[in-house]
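Q: Residue numbers (the UniProt record's numbering): 1 to 296.
Hint data in this document are derived by calculation from the structure and do not stem from the laboratory. One or more of the hints may lead you astray.
[Stated by the list, open to error] Quick list of the computed label-pair ranges, beta carbon to beta carbon:
id, residue 1, residue 2, range
1, Leu42, Tyr67, 14 to 22 Å
2, Thr86, Trp192, 41 to 49 Å
3, Ile229, Gly148, 37 to 45 Å
Backbone N, C-alpha and C define an ideal beta-carbon position, used for all residues, glycine too.
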Amino acid sequence: MVLFGIEIADYETWLRTSGIEIVLIAIGSVLVARFIHGVASLAERRVAKATAYQVVSDLVKSEPTKYIHTAIQAIDWTLRSVTYFTATVLILIRFGVPLTSLVAPATVLGVAVGFGAQTLVQDVLGGFFIITERQYGVGDVIRISGVGLTTGVSGTVEEVTLRITKIRSLAGELIAVRNGQILQVANLSRDWSQVVIDIQLPAEKKASQRAREILDEVCKELANDERLIPVLLTPPAVTGIESISLGYVVMRVVARTLPSKQFEAGRIMRARIIEVLSEEDLLPDSSSSAVIQQMV
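Hey, can you work out the whole structure from these sequences and the hints?
A: Structure below.
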């Protein structure tokens, strides 16, 4: 019997040979990719168990752990990509596609696609330098600005590959940023972080002097706060008057914390400062805009 000009027996022969090989290659590539991912996940867990939370504090991951975690993710992504590419080539061979005959068309197609793939090359190169230069790693809190990012992106790094960086924002959104887009990175959790609180106060001499005395006392109190002791590297301190405006002065309080702990410490410090200054009636009245903000 003939189908499309080819004997049915030939189809059966192809299915028993090349057909089975194609199925095995496809299944094998999926299994190999899953195996690679499984080994990478196991390696991450072992590294986390062996080295995490040992260098800086019991509350934060060590920098070597972040870097190793990031490198493992990149290697995992690369090996799986190579596995699927190799499987695709082997399947094309089983279909009888002569790879040598594809060289010339592939060259022309490569030039055409190359213009559209420039962003992919930029992403991969950007990811390579991010990982090798240890600009940031999994678990770091970063702020990114770059091409197409009008407002910037900030949050905790959850995954880094050669192509993209995934960031979990404070609102809980998982944001994927192409590495080629990134122009500037502010790492808010490398080695240490800092809480900076600016407080707008009346400019009257007695009021500002009184506010300074009260803030000094509050800083001493906060340094002994059980909630802050585990995360503070230096005690809170009043740096003095940072700026002057019509009728108001801005006084600054700073404290150095463990990496990524500036937000937690800042909330506790601001709440106590507002409470004490309100009791002393030293905050601007309701018609004024009291500025108490955190900067890092």
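Q: Name the hints, by number, that the structure is in violation of.
A: Those not satisfied: there are none.
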